[in-house]
Amino acid sequence: MREVKKSVPKKDSYGLIRGKPVYTDDIAPRDSLIVKVLRSPHAFARIKSIDTSEALTMSGVELVLTYKDVPRKPITRAGQGYPEPSPYDKFILDEYVRYVGDEVAVVAAKDERTAEEALKKIKVEYDVLEPVLDFEKAEGNPSVIHPEDDIFPQFDIGFDPKRNIAASYEMEIGDVDEIIKECEEDPDCVVVKDRFYTQAQAHVMLEPHASFAYIDMSGRLVIVTSTQTPFHVRRQVSMVLGIPIKDIRVIKPRIGGGFGGKQALHGELIVSLVTWKTKKPAKLVYTRREVFEATYTRHPSRFDVTLAATKDGKLRAIAYDVLWDTGAYGEHALTTLMVAGSKTLPMYNKVDGVRFRGKVVYTNHVPAGAYRGYGAIQGNFALESAMDILAEKLGMDPVELRLKNIIREGETSPIFKIMGEGREGTDMIIKSCKLEQAIRRGAEIINWEKKFRKREKRGSKVKGVGMAIAMQGSGIANIDMGSAIIKLNDDGSFNLLVGATDLGTGSDTILAQIAAEVLGVSTDDIIVYSSDTDLTPFDAGAYASSTTYVSGNAVRIAAEKMKKLIIEEGARKLGLGPEEVEFDGKVIRAKDGSKEVTLKELATVRYYTEDQKQLIADGSFVGPESPPPYAATFVEVEVDTETGKVDVLKYVSILDIGTPINPALARIQAEGGAVQGIGMALYEDVKYSSSGKLLTNNLMYYKIPSRLDVPDIHVEFLESYEPTGPFGAKSVAEIGIDTPPAAIANAVYDAIGVRIKSLPLTPEKVFFAMKK
Amino acid sequence: MKIKVKVNGEWKEWEIDPSDYLLDVLRREGYLSVKRACDTGTCGACTVLVDGFPALSCSVLAATMDGHEITTAEGIADEMEEYIKALASEGAEQCGFCSPGLMVMVYALKKEIENGKVEKNEEAVKRYLIGNLCRCSGYLGQQRAIFKFLGVK
Ligand code: FES
Ligand code: FES
Numbered sequence: 001m002r003e004v005k006k007s008v009p010k011k012d013s014y015g016l017i018r019g020k021p022v023y024t025d026d027i028a029p030r031d032s033l034i035v036k037v038l039r040s041p042h043a044f045a046r047i048k049s050i051d052t053s054e055a056l057t058m059s060g061v062e063l064v065l066t067y068k069d070v071p072r073k074p075i076t077r078a079g080q081g082y083p084e085p086s087p088y089d090k091f092i093l094d095e096y097v098r099y100v101g102d103e104v105a106v107v108a109a110k111d112e113r114t115a116e117e118a119l120k121k122i123k124v125e126y127d128v129l130e131p132v133l134d135f136e137k138a139e140g141n142p143s144v145i146h147p148e149d150d151i152f153p154q155f156d157i158g159f160d161p162k163r164n165i166a167a168s169y170e171m172e173i174g175d176v177d178e179i180i181k182e183c184e185e186d187p188d189c190v191v192v193k194d195r196f197y198t199q200a201q202a203h204v205m206l207e208p209h210a211s212f213a214y215i216d217m218s219g220r221l222v223i224v225t226s227t228q229t230p231f232h233v234r235r236q237v238s239m240v241l242g243i244p245i246k247d248i249r250v251i252k253p254r255i256g257g258g259f260g261g262k263q264a265l266h267g268e269l270i271v272s273l274v275t276w277k278t279k280k281p282a283k284l285v286y287t288r289r290e291v292f293e294a295t296y297t298r299h300p301s302r303f304d305v306t307l308a309a310t311k312d313g314k315l316r317a318i319a320y321d322v323l324w325d326t327g328a329y330g331e332h333a334l335t336t337l338m339v340a341g342s343k344t345l346p347m348y349n350k351v352d353g354v355r356f357r358g359k360v361v362y363t364n365h366v367p368a369g370a371y372r373g374y375g376a377i378q379g380n381f382a383l384e385s386a387m388d389i390l391a392e393k394l395g396m397d398p399v400e401l402r403l404k405n406i407i408r409e410g411e412t413s414p415i416f417k418i419m420g421e422g423r424e425g426t427d428m429i430i431k432s433c434k435l436e437q438a439i440r441r442g443a444e445i446i447n448w449e450k451k452f453r454k455r456e457k458r459g460s461k462v463k464g465v466g467m468a469i470a471m472q473g474s475g476i477a478n479i480d481m482g483s484a485i486i487k488l489n490d491d492g493s494f495n496l497l498v499g500a501t502d503l504g505t506g507s508d509t510i511l512a513q514i515a516a517e518v519l520g521v522s523t524d525d526i527i528v529y530s531s532d533t534d535l536t537p538f539d540a541g542a543y544a545s546s547t548t549y550v551s552g553n554a555v556r557i558a559a560e561k562m563k564k565l566i567i568e569e570g571a572r573k574l575g576l577g578p579e580e581v582e583f584d585g586k587v588i589r590a591k592d593g594s595k596e597v598t599l600k601e602l603a604t605v606r607y608y609t610e611d612q613k614q615l616i617a618d619g620s621f622v623g624p625e626s627p628p629p630y631a632a633t634f635v636e637v638e639v640d641t642e643t644g645k646v647d648v649l650k651y652v653s654i655l656d657i658g659t660p661i662n663p664a665l666a667r668i669q670a671e672g673g674a675v676q677g678i679g680m681a682l683y684e685d686v687k688y689s690s691s692g693k694l695l696t697n698n699l700m701y702y703k704i705p706s707r708l709d710v711p712d713i714h715v716e717f718l719e720s721y722e723p724t725g726p727f728g729a730k731s732v733a734e735i736g737i738d739t740p741p742a743a744i745a746n747a748v749y750d751a752i753g754v755r756i757k758s759l760p761l762t763p764e765k766v767f768f769a770m771k772k
Numbered sequence: 773m774k775i776k777v778k779v780n781g782e783w784k785e786w787e788i789d790p791s792d793y794l795l796d797v798l799r800r801e802g803y804l805s806v807k808r809a810c811d812t813g814t815c816g817a818c819t820v821l822v823d824g825f826p827a828l829s830c831s832v833l834a835a836t837m838d839g840h841e842i843t844t845a846e847g848i849a850d851e852m853e854e855y856i857k858a859l860a861s862e863g864a865e866q867c868g869f870c871s872p873g874l875m876v877m878v879y880a881l882k883k884e885i886e887n888g889k890v891e892k893n894e895e896a897v898k899r900y901l902i903g904n905l906c907r908c909s910g911y912l913g914q915q916r917a918i919f920k921f922l923g924v925k
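Line by line, the protein sequences give chains A and B.
Residue numbers 1 to 772, in this note's numbering, belong to the letters of the first sequence in order.
Residue numbers 773 to 925, in this note's numbering, belong to the letters of the second sequence in order.
Warning: the hint list may mix true and false statements.
Below 30 Å or equal to it, Euclidean Cα-Cα: the simulated DSS-like pairs (lysine-lysine) are [to be verified]: (1) B:K883 / A:K561; (2) B:K784 / A:K110; (3) B:K784 / A:K703; (4) A:K703 / A:K757; (5) A:K181 / A:K48.
Listing some non-contacts, in silico: residues in chain B with all C-beta distances to chain A over 10 Å [claimed, not checked]: (6) W786; (7) K807; (8) D823; (9) T836; (10) E841; (11) E846; (12) A860; (13) E865; (14) K892; (15) N893; (16) C906.
Label-pair restraints from in silico Cβ distances [as the list claims (entries may be wrong)]: (17) A:R423 / B:A835: 40 to 46 Å; (18) B:E854 / A:P71: 51 to 57 Å; (19) A:L535 / B:H840: 31 to 37 Å.
Because the hints were derived from the structure by calculation, they are not lab data.
Note that beta-carbon positions come from the ideal geometry of N, C-alpha and C, so glycine has one too.
Let the sequences and hints guide you as you build the complete structure.
Given below as structure tokens:
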């Protein structure tokens with residue numbers, strides 16, 4: 001391989017580092033109306049009256065909108081494929097406000113100050129309602145968060161809003177209760193039952209959500225937005241505003257991070273509405289406070305895990321009972337819940353029985369949505385903590401317990417077929433899985449044998465080691481499609497047009513590398529243009545670790561077709577049959593060496609002089625399966641027994657991501673994911689006041705890791721080849737974030753013998769647990 | 773009110789409101805490398821140099837800049853070619869939103885090291901750059917590039 005497995009710099013590196021104006025807010029028209037949103041001060045209320053007259057008379061105010069001025073059409077902002085597995089339970093503006101930060105009214109004005117002044121002039125009287133702030137008390141609560149009758153799911157997702165249930169799901173293989181009972185009665189068996197909690201985490205992508213809209217010369221609506229899903233944005237804006245899809249163009253410029261937070265629609269609907277009404281350009285850039293208060297968090301969760309195993313460490317049954325908090329709206333409710341099972345349970349595929357039962361409840365919190373890990377990180381914390389508890393009860397080394405039970409190449413799990421994303425999944429035999437090697441290698445690097453249960457002390461500090469394993473997916477099988485177009489230019493370079501969305505990950509570059517590898521050209525000769533619904537072909541978007549695998553395969557197919565086309569046209573030019581020539585990326589040559597034509601000459605001839613035609617090829621791909629990447633992570637921590645503070649000393653993560661198309665970029669993904677996961681494990685925590693007001697609404701109160709918080713991290717990719725992936729690739733975007741919480745909690749237990757079952761592992765929590 | 777400032781080597785005269793922050797004025801005037809990523813002076817994305825020293829432009833009133841010299845990422849990018857190469861070859865900028873602010877800071881750090889004000893070691897470099905948050909990269913790639921650029925062993 002020449003162009004893949006090579007760390008070429010990102011195509012946008014130079015522009016980005018130099019600070020070129022390439023993000024949404026940098027390129028918005030200077031005369032854009034400034035859009036601001038009045039947000040609810042109450043966790044739950046009905047708007048009794050709203051008076052906008054004073055704001056409307058202010059000079060410089062163009063438009064004020066309340067729920068009375070917008071179409072009443074239920075939607076989901078989730079940014080998923082159609083039909084979405086999320087309930088249609090949100091209105092652009094509504095009579096009810098369901099969390100502190102929910103939209104009450106929209107102002108568009110000539111500048112920032114006027115817009116802000118106008119917000120203050122809107123008079124709202126609220127009928128304040130009793131909020132539901134404890135997700136364990138949400139189900140069947142007398143306060144019904146969605147009392148309206150005109151909301152609905154697209155298909156059965158266990159939606160029961162009158163009981164505050166956004167979605168629910170159950171499945172069982174084997175008779176799990178029977179197995180657990182057997183094990184409880186059998187002295188040669190062990191059963192572990194435990195409860196775990198995970199908290200809400202905030203994405204904190206550095207660029208706040210931003211979008212602007214304008215009307216182009218033919219009267220069409222153009223939306224430029226920092227989104228992960230331009231095609232879903234187009235469809236949803238069309239649906240809500242009743243503008244035909246053909247009259248909408250969505251463009252994604254460079255975007256400053258997403259992590260799932262920009263999969264959904266946030267400002268897009270609002271700027272579209274303003275521009276459609278006023279015919280003027282309009283922009284909405286969220287403040288950091290708005291990003292915290294009024295976009296998304298990760299879904300908080302409660303897990304009841306039961307594990308049953310024989311004395312020799314063979315897992316017999318796993319059961320989860322899960323409660324999931326989706327906040328005020330049910331975006332990604334069912335799918336994140338199901339991923340908590342579908343991307344953890346198959347790791348231990350040798351059980352006799354497995355059960356998953358889960359409910360997603362509404363509360364009056366900031367809505368939860370897609371966030372890197374997407375349920376798997378929550379499930380991972382519960383399962384991998386429980387596995388360590390089981391190992392202890394069995395008197396077995398946790399490494400050995402994993403090795404006894406993990407999935408291996410050539411095997412399968414019935415879960416793949418049963419649990420998909422919001423619906424049935426797809427059967428799959430695992431074709432690449434280096435989990436065993438990952439565990440062995442990680443144990444070796446951390447020096448497990450020497451360190452486990454040694455509890456080395458240094459003053460008040462004690463060291464410990466812990467581990468966890470994880471799997472993720474590569475795109476959503478049989479649902480999400482990516483596609484690509486390649487065209488040859490008259491200098492022999494190629495344009496690669498992809499709907500795929502580079503949100504900073506480097507996917508433009510990775511897709512170019514794949515095309516270059518197939519064509520035998522240099523990545524520099526592939527010019528990429530992405531994410532513009534007018535000019536690039538359809539792509540579901542950048543989520544679910546899909547781009548390298550799904551869009552990458554589409555690019556591979558398009559490039560293969562292009563190569564075939566070049567060979568055919570080259571042969572024709574030489575008066576030979578296609579089987580009589582070969583193409584090396586530069587020259588089409590008779591196999592007997594008798595004659596040749598360069599790609600550049602061929603292109604020039606075909607475009608200017610002879611048998612003129614455009615050489616162009618396309619490719620589409622839907623994953624027939626979603627091959628999981630795997631990780632085994634080992635950490636060494638030091639716990640200060642006087643303060644409860646946990647320091648991660650060493651973090652070792654061994655990954656199987658198939659072929660890393662661009663090892664440098666893959667490494668940054670793995671390191672970045674690890675650091676986000678460490679943040680979640682140790683301190684990141686979205687907190688509310690007793691009345692439901694967000695307390696952690698800025699970067700001082702919500703701490704993300706700084707460079708001094710980053711431990712010594714060692715990331716390694718194992719040689720692995722996924723035959724269904726482009727050049728053997730799977731995915732890397734999410735797998736890195738899954739393991740830190742469980743691995744760190746397990747290491748803390750190893751150090752001080754105290755088991756923390758709720759995240760994050762703050763010093764107070766560890767300290768008080770120690771004192772108990 | 774009017775202020776005169778020297779931006780990236782060129783004198784400019786700007787009409788501003790006394791309550792305007794430097795960040796907003798710079799962006800308005802087309803220096804778009806300067807980013808806003810927080811409301812609290814916590815992220816470093818808006819870092820510029822004022823008379824050669826780093827400042828958070830989101831927290832500086834433009835009115836106080838009269839007669840001062842301001843440097844943004846646009847103004848140092850050519851000089852920082854080697855750094856840009858180092859960062860790009862690590863693949864260490866993902867979304868890039870933090871990159872211009874970080875580059876300004878690394879530029880200032882290099883001067884400080886040359887002047888003997890900051891020690892040339894890993895810990896000192898990390899401490900100097902602590903205010904520049906990055907949510908994508910996990911910092912390590914940045915650090916590999918920065919250490920290489922500064923010759924930190
Ligand atoms: S925008 Fe200035 S520090 Fe964040
Ligand atoms: S690269 Fe995205 S915040 Fe640093």
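Original post:
Which of the numbered hints are not met once you compare them with the structure shown?
Top reply: Hint check: 1, 3, 5, 7, 11, 12, 13, 16, 17, 19 fail, others pass.
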